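The opening residue of the sequence shown carries number 4 in the working numbering; numbering runs sequentially from there.
FYI, nobody ran anything at the bench for these hints, they're computed from the structure.
Keep in mind it's a predicted model, so treat the numbers as computed, not measured.
All C-beta atoms in this analysis are idealised placements derived from N, C-alpha and C, irrespective of residue type, glycine included.
Hints should not be assumed to be uniformly reliable.
Stated by the list, open to error - Beta-carbon label-pair distances, calculated as ranges:
no.: 1; residue 1: 50; residue 2: 26; range: 35 to 41 Å
no.: 2; residue 1: 75; residue 2: 22; range: 16 to 22 Å
no.: 3; residue 1: 10; residue 2: 92; range: 19 to 25 Å
no.: 4; residue 1: 43; residue 2: 7; range: 28 to 34 Å
no.: 5; residue 1: 6; residue 2: 72; range: 30 to 36 Å
no.: 6; residue 1: 43; residue 2: 6; range: 32 to 38 Å
no.: 7; residue 1: 50; residue 2: 29; range: 18 to 24 Å
no.: 8; residue 1: 67; residue 2: 23; range: 17 to 23 Å
no.: 9; residue 1: 12; residue 2: 77; range: 27 to 33 Å
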Amino acid sequence: MQYAAKHNVICVASGGNDGREELVVYPAANRGVIGIGSTTALDKRSRFSNYDTPSVRMAAPGEALITTYPGNNYAGVWGTSFSTALTSGTVAPLAQINPPDHPGQSRKRAAPRL
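Model the full structure from these sequences, guided by the hints.
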C-alpha cells in the first residue's frame with residue numbers, strides 16, 4: 004500500500020461487516036486508503052456495515068448483489084467487500100479524468116463518513 008500511495012494510486016478497502024462503531028479497520032484505516040461501507044437498495048446503511056469510524060469514508064450498494072460463482076453459476080452476495088468492488092469500478096475512471104496530486108487528496112475528496 005505504501006508503494007501504491009507513492010505512485011498516486013487510489014486505494015479502496017472494505018470498512019468491515021461487524022455492524023458496529025469501530026475505531027479503526029485495516030487496511031481501510033491506512034493512510035491514503037478510502038474505506039467503503041455498505042448500503043441497502045434504499046440507500047440506508049446496511050445493518051452489518053461498520054459506521055462512525057474514520058475508516059469508512061464512502062458507501063455503495065452491498066446487499067443482494069448478483070455475481071458469478073464457481074461451477075458456472077451465479078449467487079446473491081452481501082458485504083462491504085462487494086461495495087468496495089463497485090466503488091473501485093467508479094473511482095478508476097474518475098481518477099483518470101482528474102488525478103489527485105497525491106494519494107491523500109483522494110481520501111479528502113471522499114464523502115463524509117457514515
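(request) Find the hints from earlier in the document that the structure breaks and name them by number, from lowest to highest. (result) Checked against the structure, the hints that fail are numbers 1, 2, while the rest are satisfied.
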